[in-house]
Amino acid sequence: MLSCREVVNDADQLLDGELHWRQRLSIRFHLLICHNCRRYVRQLRMLIFAIPYMHQRASDEEVSIIMAGIVSSEKSDA
Amino acid sequence: MNKDKLERLKNGDQGLFAELVRDHHRALVALVTPIVGTSEAEEVVQNAWLKAYKAIAGFEERAQIRTWLGRIAINEAKMQLRQRKRELLFSDWGNQDLNSDPLATRFAEDGHWQNPPTDWHVDSPDSLLMGEQLADCLERLLTEMPTNQRSMLEMRDSSGLPFEDICNELSISASNARVLLHRARTQLFKLVDHYQETGEC
Chain W
1 MLSCREVVND ADQLLDGELH WRQRLSIRFH LLICHNCRRY VRQLRMLIFA
51 IPYMHQRASD EEVSIIMAGI VSSEKSDA
Chain Y
1 MNKDKLERLK NGDQGLFAEL VRDHHRALVA LVTPIVGTSE AEEVVQNAWL
51 KAYKAIAGFE ERAQIRTWLG RIAINEAKMQ LRQRKRELLF SDWGNQDLNS
101 DPLATRFAED GHWQNPPTDW HVDSPDSLLM GEQLADCLER LLTEMPTNQR
151 SMLEMRDSSG LPFEDICNEL SISASNARVL LHRARTQLFK LVDHYQETGE
201 C
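From first to last, the protein sequence lines are chains W and Y. Residue 1 is where the first sequence starts when you use my numbering, and the numbers rise one by one after that. Residue 1 is where the second sequence starts when you use my numbering, and the numbers rise one by one after that.
Looking at chain W on its own, in the form it has when it is part of the complex (with noise of 0.2 angstroms):
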């Protein structure tokens, strides 16, 4: 039977639909008796979901010199 490091660094693998089926079952079987490695996996997914979240939106002033970027070429082009 798998350990819970081996789970833990297959994880990404399971998550992202990339392991055979007898490595998913492996884990699955894994999962059924280990409420630590269900946790690990189920709080990695939560994780890599909120990972695009991670960056602070623009403040107003760099939207403002893109945006300004934008109309001056707009300009240019016509």
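Note that these hints are calculated values from the structure, not bench results. For each residue, glycine too, the CB sits at the ideal point set by N, CA and C. Check the hints yourself; a few may be wrong.
Short, incomplete list of chain Y residues facing chain W, as computed with Cβ under 8 angstroms [to be verified]:
(1) Arg26
(2) Ala135
(3) Leu153
(4) Leu181
(5) His182
Based on the hints, put chain Y in the right spot on chain W.
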């Protein structure tokens, strides 16, 4: 983004485009910084926004907008490198920090948890990384993270680029890319886990 907003965006609504800039600009700067360096990242992303504005009418709704923007920004970064006749900055790709697992000390010798993860009390994924103090810790962690790990995290998890595309773009093996992504994610996991348990970094 709903269909109505997307249509307005594709028809050149500058107010909505400015919101797009507000939501994604810093992620794009983070995405290209490992490729062109901090001093040129802003200029590259500024050019990427110009290209995106001109091409937004052709945006296909089956793609994620962040992924679409990310591809434009990476192409722009690579063009910048070609124009300046420079190589990718990743001289250390594939061999940096592959042997240290951030969660190694959490396991007993038999490979089972000695110090298992704490139970996170979070309503939704988008609020998980939002705490003000956590945001500061996260910023510090990302700044200190090895360049290659940070890039994998930005490209795969933040921008949603397909794994194979990243390996091709950066000429690294799938196995090395996997290890780098695993290291980056587990560092982040460790940070959030500690924060959830103690309220501190």
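Okay, the hints, checked on the actual structure:
| no. | hint | verdict |
| --- | --- | --- |
| 1 | Arg26 | holds (4 angstroms) |
| 2 | Ala135 | holds (7 angstroms) |
| 3 | Leu153 | holds (7 angstroms) |
| 4 | Leu181 | holds (6 angstroms) |
| 5 | His182 | holds (5 angstroms) |
When held up to the earlier numbered hints, the structure conflicts with none and fits them all.
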